[in-house]
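Engineer: Given next are the chains, with one letter for each unit.
Number of protein chains: 4
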Amino acid sequence: MSERPPMMTAAEVSAFLDREFPQIHIGGRCFHVEDIGPMSARMRMDYHERHVRPGGTLSGPSMMTLADLALYVAILGQIGPVGLAVTTNLAFNFLRKPAQRALVAECRILKLGKRLAVGDVEIRSQGDEAIVCHATGTYSIPG
Amino acid sequence: MSERPPMMTAAEVSAFLDREFPQIHIGGRCFHVEDIGPMSARMRMDYHERHVRPGGTLSGPSMMTLADLALYVAILGQIGPVGLAVTTNLAFNFLRKPAQRALVAECRILKLGKRLAVGDVEIRSQGDEAIVCHATGTYSIPG
Amino acid sequence: MSERPPMMTAAEVSAFLDREFPQIHIGGRCFHVEDIGPMSARMRMDYHERHVRPGGTLSGPSMMTLADLALYVAILGQIGPVGLAVTTNLAFNFLRKPAQRALVAECRILKLGKRLAVGDVEIRSQGDEAIVCHATGTYSIPG
Amino acid sequence: MSERPPMMTAAEVSAFLDREFPQIHIGGRCFHVEDIGPMSARMRMDYHERHVRPGGTLSGPSMMTLADLALYVAILGQIGPVGLAVTTNLAFNFLRKPAQRALVAECRILKLGKRLAVGDVEIRSQGDEAIVCHATGTYSIPG
Numbered sequence: 000m001s002e003r004p005p006m007m008t009a010a011e012v013s014a015f016l017d018r019e020f021p022q023i024h025i026g027g028r029c030f031h032v033e034d035i036g037p038m039s040a041r042m043r044m045d046y047h048e049r050h051v052r053p054g055g056t057l058s059g060p061s062m063m064t065l066a067d068l069a070l071y072v073a074i075l076g077q078i079g080p081v082g083l084a085v086t087t088n089l090a091f092n093f094l095r096k097p098a099q100r101a102l103v104a105e106c107r108i109l110k111l112g113k114r115l116a117v118g119d120v121e122i123r124s125q126g127d128e129a130i131v132c133h134a135t136g137t138y139s140i141p142g
Numbered sequence: 000m001s002e003r004p005p006m007m008t009a010a011e012v013s014a015f016l017d018r019e020f021p022q023i024h025i026g027g028r029c030f031h032v033e034d035i036g037p038m039s040a041r042m043r044m045d046y047h048e049r050h051v052r053p054g055g056t057l058s059g060p061s062m063m064t065l066a067d068l069a070l071y072v073a074i075l076g077q078i079g080p081v082g083l084a085v086t087t088n089l090a091f092n093f094l095r096k097p098a099q100r101a102l103v104a105e106c107r108i109l110k111l112g113k114r115l116a117v118g119d120v121e122i123r124s125q126g127d128e129a130i131v132c133h134a135t136g137t138y139s140i141p142g
Numbered sequence: 000m001s002e003r004p005p006m007m008t009a010a011e012v013s014a015f016l017d018r019e020f021p022q023i024h025i026g027g028r029c030f031h032v033e034d035i036g037p038m039s040a041r042m043r044m045d046y047h048e049r050h051v052r053p054g055g056t057l058s059g060p061s062m063m064t065l066a067d068l069a070l071y072v073a074i075l076g077q078i079g080p081v082g083l084a085v086t087t088n089l090a091f092n093f094l095r096k097p098a099q100r101a102l103v104a105e106c107r108i109l110k111l112g113k114r115l116a117v118g119d120v121e122i123r124s125q126g127d128e129a130i131v132c133h134a135t136g137t138y139s140i141p142g
Numbered sequence: 000m001s002e003r004p005p006m007m008t009a010a011e012v013s014a015f016l017d018r019e020f021p022q023i024h025i026g027g028r029c030f031h032v033e034d035i036g037p038m039s040a041r042m043r044m045d046y047h048e049r050h051v052r053p054g055g056t057l058s059g060p061s062m063m064t065l066a067d068l069a070l071y072v073a074i075l076g077q078i079g080p081v082g083l084a085v086t087t088n089l090a091f092n093f094l095r096k097p098a099q100r101a102l103v104a105e106c107r108i109l110k111l112g113k114r115l116a117v118g119d120v121e122i123r124s125q126g127d128e129a130i131v132c133h134a135t136g137t138y139s140i141p142g
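Protein chains in written order, with numbering that gives the first Met the number 0: chain A, 0 to 142; chain B, 0 to 142; chain C, 0 to 142; chain D, 0 to 142.
The reader is advised that the hints may include incorrect statements.
[Said to hold, decoys possible] DSS-like mimics (lysine-lysine), calculated; alpha carbons at most 30 Å apart, straight line:
no.: 1; chain 1: B; residue 1: K110; chain 2: C; residue 2: K110
no.: 2; chain 1: D; residue 1: K113; chain 2: B; residue 2: K113
no.: 3; chain 1: A; residue 1: K110; chain 2: B; residue 2: K96
no.: 4; chain 1: D; residue 1: K110; chain 2: B; residue 2: K113
no.: 5; chain 1: A; residue 1: K96; chain 2: B; residue 2: K113
no.: 6; chain 1: B; residue 1: K110; chain 2: A; residue 2: K96
no.: 7; chain 1: B; residue 1: K110; chain 2: C; residue 2: K96
no.: 8; chain 1: B; residue 1: K113; chain 2: C; residue 2: K96
Everything labelled a hint here was simulated from the structure, so no lab data went into it.
One chain only, chain A, in its complex shape (with noise of 0.2 Å):
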């Protein structure tokens, strides 16, 4: 992939999301964006309960969400706040029981053109090696 420098640092991103969606803090702030790379983010989902589901397990909707946002966010640092990018496709494979603990989402751009943008996610609990959850996404890049 070519390594364009980011236009971002983890912390305007991080205002950026403050000011814009403040509605993802709303129950308590439990996304941070941890690093901004080249095509690159990484985000963290503290543990909260209203995120857990019966046997202890988070639940997938909040993994999806996670997801979401890191791969946002990698696109946002990578291109900077020009415009409104929008979901157009998203697939997940849950492939373990995440434990009781803080998630992190580690995205990659795989593709950045001009009107999409396409990455992958690798969720994991803090501290495992193990992936719990995958996924690819599009983003269409206004014109």
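Fit chains B, C and D to the known structure of chain A by using the hints.
Structural biologist: Same frame as chain A, but now just chains B, C and D:
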């Protein structure tokens, strides 16, 4: 598809969800089982400000939650509350921005095997014909 | 969905395929455009031994080829032969083993935007009701 | 991921394919098992004119065939030729037009359960760094 009659009514599935997944109602009851049919189910998600995103649209994750739930409910209605089915795969196409209204999800079970159940879900704004989100998903059924 | 009348007939789409994609007929003509409707298309793949797999079933790749083609044909029929649409995303659920018979694919366009077209495809053994393969896909339309 | 050593070598998997799936070689031998590693496999598809599409690019279906095969080969290598695994789900993102060269597919098994195996596949033009097609897939393993 074989048209086996469902094992549970909408009211029974609804009571099961309240007992086993009270978390889905955190922040206010939004999800409603409207109908359980043969190999099918219909769910509604009431409009709630916690699902709103910039531009007045409803969030992707709220639609993903609704689709996952509609598929779960269709399977549960069909086979009854026998053990804990888990999502293994979900794929979404986001087609249009939903209006600031309730969303209705119609799920159809495409295959109900011994180990895997597969279905698709069409989500529309209540009263509209256009599909705003299309999903397909697989649940693993414990043996 | 908006019901715009298609721009091309089945015969016109068929002639276009023969001219632009003669490769799909290598080894013998199997793919046939049966119908072009408003926002929809139906294709048939004749039974041919090059599509057979152990146990007498038809191969996954032959079904994937058929689904991709059915979506392409539906879009082409609707918008006419204006430039080169390319597949950006395809997702398949393989539901049942197909019989040793022709396969019929019915495609429905779920969204026809300026830049992206999204559709789903149901593949059945000819004369059967059960879906053997379900697909969703996205084509990017050159601007 | 747990790093269990594979049960079969590349030569053994290759001989198995020749015996059980001779159809993949119809029209000329293009598919080669290059490597079987722990929870991984690498396959090559030689350039052949039957895979070419207008504009000189390689067809989507030929890449889908390669990805499906790479995942099958990775699973086979890992668990040995015990029964007939079948694809239940495949999802593709087509990222770039491949060059008129051989394609190389690298598959990684993300989960190897008793009933389901999930993996992802990256396809590149031989000698290139850029991913032209990314796939994820699930095989059902007979019990």
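Engineer: Do the alpha carbons of K110(D) and K113(B) lie within 30 Å of each other, as the hint requires?
Structural biologist: holds (21 Å)
Engineer: Does K96(A) sit within 30 Å of K110(B), going by the straight-line distance between their CA atoms?
Structural biologist: holds (24 Å)
Engineer: Between K113(B) and K96(C), does the CA-CA distance stay at or below 30 Å?
Structural biologist: Distance of about 15 Å is within 30 Å: holds.
Engineer: Given the proposed pairing of K110(B) with K96(C), does the C-alpha separation stay at or below 30 Å?
Structural biologist: Satisfied, since the Cα-Cα distance of roughly 12 Å is no more than 30 Å.
Engineer: Quickly compare the C-alpha distance for K113(D) and K113(B) to 30 Å and report which way the hint goes.
Structural biologist: holds (15 Å)
Engineer: Given the proposed pairing of K110(A) with K96(B), does the C-alpha separation stay at or below 30 Å?
Structural biologist: Between K110(A) and K96(B) the Cα gap is close to 24 Å, so the pair holds against 30 Å.
Engineer: Are the Cα positions of K96(A) and K113(B) separated by 30 Å at most?
Structural biologist: At roughly 21 Å apart (the allowed maximum being 30 Å), K113(B) and K96(A) satisfy the hint.
Engineer: Does the structure keep K110(B) and K110(C) at a Cα separation of 30 Å or less?
Structural biologist: Roughly 25 Å between the alpha carbons, so the hint for K110(B) and K110(C) holds.
In summary, the structure agrees with every hint in the numbered list given earlier.
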